[in-house]
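K.L.:
Chain by chain, the residues:
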Amino acid sequence: GAGVSQSPRYKVAKRGQDVALRCDPISGHVSLFWYQQALGQGPEFLTYFQNEAQLDKSGLPSDRFFAERPEGSVSTLKIQRTQQEDSAVYLCASSRGRTQETQYFGPGTRLLVL
Amino acid sequence: GNSVTQMEGPVTLSEEAFLTINCTYTATGYPSLFWYVQYPGEGLQLLLKATKADDKGSNKGFEATYRKETTSFHLEKGSVQVSDSAVYFCALSHNQGGKLIFGQGTELSVKP
Numbered sequence: 032g033a034g035v036s037q038s039p040r041y042k043v044a045k046r047g048q049d050v051a052l053r054c055d056p057i058s059g060h061v062s063l064f065w066y067q068q069a070l071g072q073g074p075e076f077l078t079y080f081q082n083e084a085q086l087d088k089s090g091l092p093s094d095r096f097f098a099e100r101p102e103g104s105v106s107t108l109k110i111q112r113t114q115q116e117d118s119a120v121y122l123c124a125s126s127r128g129r130t131q132e133t134q135y136f137g138p139g140t141r142l143l144v145l
Numbered sequence: 761g762n763s764v765t766q767m768e769g770p771v772t773l774s775e776e777a778f779l780t781i782n783c784t785y786t787a788t789g790y791p792s793l794f795w796y797v798q799y800p801g802e803g804l805q806l807l808l809k810a811t812k813a814d815d816k817g818s819n820k821g822f823e824a825t826y827r828k829e830t831t832s833f834h835l836e837k838g839s840v841q842v843s844d845s846a847v848y849f850c851a852l853s854h855n856q857g858g859k860l861i862f863g864q865g866t867e868l869s870v871k872p
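These protein sequences, in sequence, are chains G and L.
FYI, in our numbering the residues of the first sequence are 32 to 145.
FYI, in our numbering the residues of the second sequence are 761 to 872.
Just so you know, these hints were derived from the structure itself, not from any lab.
No false leads were mixed into what you were given.
DMTMM-like mimics (lysine to aspartate or glutamate), calculated; alpha carbons at most 20 Å apart, straight line:
#: 1; chain 1: L; residue 1: K809; chain 2: G; residue 2: E75
#: 2; chain 1: G; residue 1: K42; chain 2: L; residue 2: E802
#: 3; chain 1: L; residue 1: K812; chain 2: G; residue 2: E132
Predicted, not measured: the structure shown is a model, and the values here were computed from it.
With the rest of the complex left out, here is chain L:
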């Protein structure tokens, strides 16, 4: 079946460090891929998405590239800030209904 696997957290970084959160997926066909973020005390927000192979999604300095050959959608940011501290979820959806299938989430903590 369809599934998403993320690297386990928590991830602790110093401010201005480089961030990578790995995400791989298993799916039939050509799903759309998403990164959602959940800041403390807030609801899930879409961070970025990509709908086809080789697409790059980007937002707020974060980037992720849809790699079909490696079935991956790793999240990267060149220089993290304390305000990026949150839980990050990788997800996929298919055409059929559009329900999202989430990974287990990766908690990021950025220290000043």
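Same shape as in the complex, but just chain G:
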């Protein structure tokens, strides 16, 4: 595809449910990033993949958050036992190379936990 795509665009979950958010990066992009953006705030880093390797997961807020990219392309961010404070927009970005290259963002998934 021409850009980064994410699905679903909107997700409403009841507290305690598990959710899975999908990211399709630009074809051939080596690096993939997940960010969390709370309402009225800037995005905050969650985790980073280089191909299928998860090189940095320092931003994941708890062990309920898990991300994978098993074949080095599509990535899934999973949140287990969702809490109200998980409500946010989850952004995925990809870049061609390994360091400091331009990141291209998807439209985001807006998650609302009731």
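Guided by the hints, dock chain L onto chain G, whose structure is given.
P.N.:
Chain L only, in chain G's frame:
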């Protein structure tokens, strides 16, 4: 740690006014600096970037200069248009992995 601070919004200007959005950063070493823009209903887009001190990034009439002595990367435009209404984010990244650290964003509203 590394951080980015932006001037608070919202900023409201009349069309053709001069725009400055202040951005300062705290970082070790020599980060790359970015301005991203988020138009209503759209995703984040890179507006401009600078990778070393004294570099000037420019795009669509916007400019920002990487000032290491003042740790700043202020965004400027000489004459704003209604279509520039958006939220603007200043960000930095380091060599190590390239993750972006964002400021809190500044909402700009341009009135005709």
